Amino acid sequence: MAGLELLSDEGYRVDGRRAGELRKVRARMGVFAQADGSAYIEQGNTKVLAVVYGPHEMRGSRSKALHDRALVNCQYSMATFSTGERKRRPHGDRKSSEMTLHLKQTFEAAILTQLYPRSQIDIYVQVLQADGGNYCASVNAATLATIDAGIPMRDYVCASSAGFIEDTPLADLNYVEEAAGGPQVALALLPKSDQIALLEMNSRLHEDHLDQVIEAAIKACKDIYTVLDQVVREHVHEVTTLLGE
Amino acid sequence: MAAMELRLPVPRKVVSQGLARGSDKHLVAPGDTITTDTGYMRGHGTYMGDEKLVASVAGAVERVNKLICVKALKTRYNGEVGDIVVGRITEVQQKRWKVETNARLDSVLLLSSMNLPGGELRRRSAEDELAMRDYLQEGDLISAEVQAVFSDGAVSLHTRSLKYGKLGQGVLVQVSPSLVKRQKTHFHDLPCGASVILGNNGFIWIYPTPEQKDEEAGGFVTNLEPVPLHDREVISRLRNCILALVAQKLMLYDTSILYCYEASLPHQIKDILKPEVMQEIVLETRHRLLELEG
Amino acid sequence: MKETPLSNCERRFLLRAIEERKRLDGRQSYDYRNVRISFGADYGCCIVELGRTKVLGQVSCELVSPKLNRATEGILFFNLELSPMASPAFEPGRQSELLVKLNRLLERCLRNSKCIDTESLCVVAGVKVWQIRVDLHLLNHDGNIIDAASIAAIVALCHFRRPDVSVQGDEVTLYTPEERDPVPLSIHHMPICVSFAFFQQGTYLLVDPSEREERVMDGLLVIAMNKHREICTIQSSGGIMLLKDQVLRCSKITGVKVAEITELIQKALENDRKVRKEGGKFGFAESIPNQKISAFKMERAPVDTNDVEEQAEEIITKADPPSEVFAKPILQTPGTAQIGEGIENSWGDLEESEREEQEEDNSDDATTSGVQKMETEEISGVSKTKKEADTIILSDSEEEVVVVLEPEETRKKTRTHTSAKQENSSSKKTFNKKRKKKRTTH
Chain E
1 MAGLELLSDE GYRVDGRRAG ELRKVRARMG VFAQADGSAY IEQGNTKVLA VVYGPHEMRG
61 SRSKALHDRA LVNCQYSMAT FSTGERKRRP HGDRKSSEMT LHLKQTFEAA ILTQLYPRSQ
121 IDIYVQVLQA DGGNYCASVN AATLATIDAG IPMRDYVCAS SAGFIEDTPL ADLNYVEEAA
181 GGPQVALALL PKSDQIALLE MNSRLHEDHL DQVIEAAIKA CKDIYTVLDQ VVREHVHEVT
241 TLLGE
Chain G
246 MAAMELRLPV PRKVVSQGLA RGSDKHLVAP GDTITTDTGY MRGHGTYMGD EKLVASVAGA
306 VERVNKLICV KALKTRYNGE VGDIVVGRIT EVQQKRWKVE TNARLDSVLL LSSMNLPGGE
366 LRRRSAEDEL AMRDYLQEGD LISAEVQAVF SDGAVSLHTR SLKYGKLGQG VLVQVSPSLV
426 KRQKTHFHDL PCGASVILGN NGFIWIYPTP EQKDEEAGGF VTNLEPVPLH DREVISRLRN
486 CILALVAQKL MLYDTSILYC YEASLPHQIK DILKPEVMQE IVLETRHRLL ELEG
Chain H
540 MKETPLSNCE RRFLLRAIEE RKRLDGRQSY DYRNVRISFG ADYGCCIVEL GRTKVLGQVS
600 CELVSPKLNR ATEGILFFNL ELSPMASPAF EPGRQSELLV KLNRLLERCL RNSKCIDTES
660 LCVVAGVKVW QIRVDLHLLN HDGNIIDAAS IAAIVALCHF RRPDVSVQGD EVTLYTPEER
720 DPVPLSIHHM PICVSFAFFQ QGTYLLVDPS EREERVMDGL LVIAMNKHRE ICTIQSSGGI
780 MLLKDQVLRC SKITGVKVAE ITELIQKALE NDRKVRKEGG KFGFAESIPN QKISAFKMER
840 APVDTNDVEE QAEEIITKAD PPSEVFAKPI LQTPGTAQIG EGIENSWGDL EESEREEQEE
900 DNSDDATTSG VQKMETEEIS GVSKTKKEAD TIILSDSEEE VVVVLEPEET RKKTRTHTSA
960 KQENSSSKKT FNKKRKKKRT TH
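Protein chains in written order, with the working numbering: chain E, 1 to 245; chain G, 246 to 539; chain H, 540 to 981.
Hints are computed from structural coordinates only; laboratory data are not their basis.
Mixed in with the good hints, there may be bad ones.
Non-contacting residues of chain H with respect to chain E, defined by C-beta distances greater than 12 Å in every case (computed) [stated by the list, open to error]:
#1 HIS728
#2 GLN774
#3 GLN871
Estimated spans, in silico, between C-beta atoms of each pair [claimed, not checked]:
#4 E:ASP68 / G:GLY327: 27 to 35 Å
#5 H:PHE823 / E:ARG18: 55 to 63 Å
#6 H:SER599 / E:ARG88: 42 to 50 Å
#7 G:THR278 / H:SER568: 32 to 40 Å
#8 E:ARG59 / H:GLN805: 32 to 40 Å
Predicted model, so just to flag it, every value in this text is computed and none were measured.
Glycine included, each C-beta is placed from N, C-alpha and C at the ideal position.
Okay, chain E solo, but in the shape it has when bound:
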């Protein structure tokens, strides 16, 4: 796609956003009645569904149970219709395994697993439409689902991606910006304490610009946190009112 400028002279990106602007976020908690916790999130055109089961008794091999913590079991999968071309993705392929590992790592750090020895918490994430920022939307959806399930967490886990074009850091990249091949950072943050749960960077970026890009990603995560927090509070308010106690 030569000739597509990712950042115009007036400072507008491909979809009309400014450099530090996020895409529109719409989220809903408690979408499934059957699961312990579930959530659906839309970040621009990226649509992700997350479901949490647990904590429950270890299914499968008892030997994998940790005697002092809960085991967090994640699975990340993309629907075949999620990308522009229909692509059948076998579950064991490397990219999904890597995403699964990252999700697991992020949530093992955020969930207070010491409270549930010998149990298992399952987090399943399904990407329904992929338009950039799949991992970040998955993390956000899984956070909401975990809160919906009532599993204690240290803090929200908010994730956002950031890029760097023409000396300007961009926040929340969409598919076009990701495919252009410039440097991209995906960051998962615990907003209250500014702790980075996962940091991932691709492509070449000069060391001097690292600070700016991480800073932009942190700011984007905090913006997402405000949106998610609002969704959670509304949901809690509604349910508490209905329960009426």
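Got chain E sorted already, so can you dock chains G and H onto it with the hints?
Structure of chains G and H alone, referenced to chain E:
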């Protein structure tokens, strides 16, 4: 006659706007600081971070004297001694059964906590151990009471009473444990013609009211006589009513279920689960409950 | 084979040592182990040793048709294999999490950073391109696989020569190495991964963790950089919480390390080129050092002995004088002797009778007793002279033969095994318990 009903999506109506409840509760989300006063004791749903008491779940803050805890909206069942639970046998192990009760670890039913047929009191022998599978197999449903809670949170059950034991014909409804109200008794015989066991763990069992009340078998022999159609209709109506109450997040107890049943009588059983009918029925139930409270 | 879990005392020891800024092999927190690069006889084959971690890298090429959506670019393929040769914990065939993680990291580091010019691999657009395949095998696992693997990959790529190709109109001629010299790949830059291990929730940081350190670490941060200080990949793993300043600090350290390693690589490549040009011997056989002792000469290590004497005297004056009484060896049976009594039982709660004994003779041991304890421990199991034993009473427990130990003097009280002979005898115990050492009064 319509074979299938299709619905198009419509924007959801936020129900809570219609209810006038004072929101005087302190609602928190994970990561929120509850208080920086270190004089308080830390309860469930909180953790200490940096000399501040921080919430770890989303819910309402409850304060009892010096104890602060946050009650989550939806949790798995946490056993307390004396609760009635309905559970499903998942495993038969040496001298005990593992029962699935919607908790974070499977509950345990020891062989010594189970009533022997005939109600005899004796030490369980090796033959009893070998005959365990004759009493309860994997997949059986039982009602039991919580005897003790282990240190890791697993619950130990007992069925040392004639009213507990294996369950026979009926319908099981699984709901969230936080929707079942704590009451003095959880076994109810509803005047509409069915009986219901409201397990504290969120498993609700609806069954036809047995004719005779005396069971010498201690609940092991399942009554497999065919249930008359009228009873079945009552049971399915009750089940749909419970699902309607759960969808509208109303607490479940015998009065609310009964009022809902009565409010649903004008509708057909299969219509109860339609969203607008659900809303109507539950609204009526709410009004009647409010009137009851006075 | 299932991996043996690390014992808790080892874990504690390692963590304590790290808290005191000490590492098992004596390195500093930011030191790398020795990097040795050796080349094989063929182009594109190399072995990289990082301390004892060994990775073999091999590059090969093939002419294939290109991918449909990238008709003018060559194909790069990376593969890292973890075989049970490297560590018995790796099982053959099963794709473990570690393998996926390492492979993805390598792919992102080398492919996404565009270190190789893929356009130059194109022969005929849309018809034939070069497919470069980098195979890495881990030969020995002693920690920090990713660093060694990334060095091996980039070195192998730099070392590799592909056959020369010429295109005349529609005709493509592939020259064999004899006809025309093979051509090196065009490499823009050399990304090198540097790993940082975090301990104690991010308080302590180590560069290039060894295998033991990897087992006790909280998490790992890998930063890949080239010598122009461009960051190619960052990956944090293991569930640690980082702060932005930590990441920035690590990136600065990475810059320094990468510069050193790149220099090393250049030197190694240069050496190899020289050797090949001059016709000398090259290849793996030459690079493996002869591991035999061929000289009876010890390397003199300069030791600073300036204030050794003063320090020694200080220690001697502070310490208690050694005790006058040395325990004499007692022979129990042929083959078993005892000197003194053992050290304090550290198994846990003592039984009633033992607790009484302990309370009666609680004494403070001085530092010199530590030395003596060691001696008694070592010698008590060794046989000395062959004398007849006094009595052997067998216990009826299912464990081994239990021997009665009689103390030399009645003043010494020991915790014994059986028999009413002893004044302080208690219930039957097994032979496995250590005996408490009592100090005789000075």
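Status of each hint after checking the structure:
| no. | hint | result |
| --- | --- | --- |
| 1 | HIS728 | violated, 8 Å |
| 2 | GLN774 | violated, 6 Å |
| 3 | GLN871 | holds, 42 Å |
| 4 | E:ASP68 / G:GLY327: 27 to 35 Å | holds, 29 Å |
| 5 | H:PHE823 / E:ARG18: 55 to 63 Å | holds, 57 Å |
| 6 | H:SER599 / E:ARG88: 42 to 50 Å | violated, 30 Å |
| 7 | G:THR278 / H:SER568: 32 to 40 Å | holds, 35 Å |
| 8 | E:ARG59 / H:GLN805: 32 to 40 Å | violated, 54 Å |
The structure fails hints 1, 2, 6, 8 (numbered hints given earlier, in ascending order).
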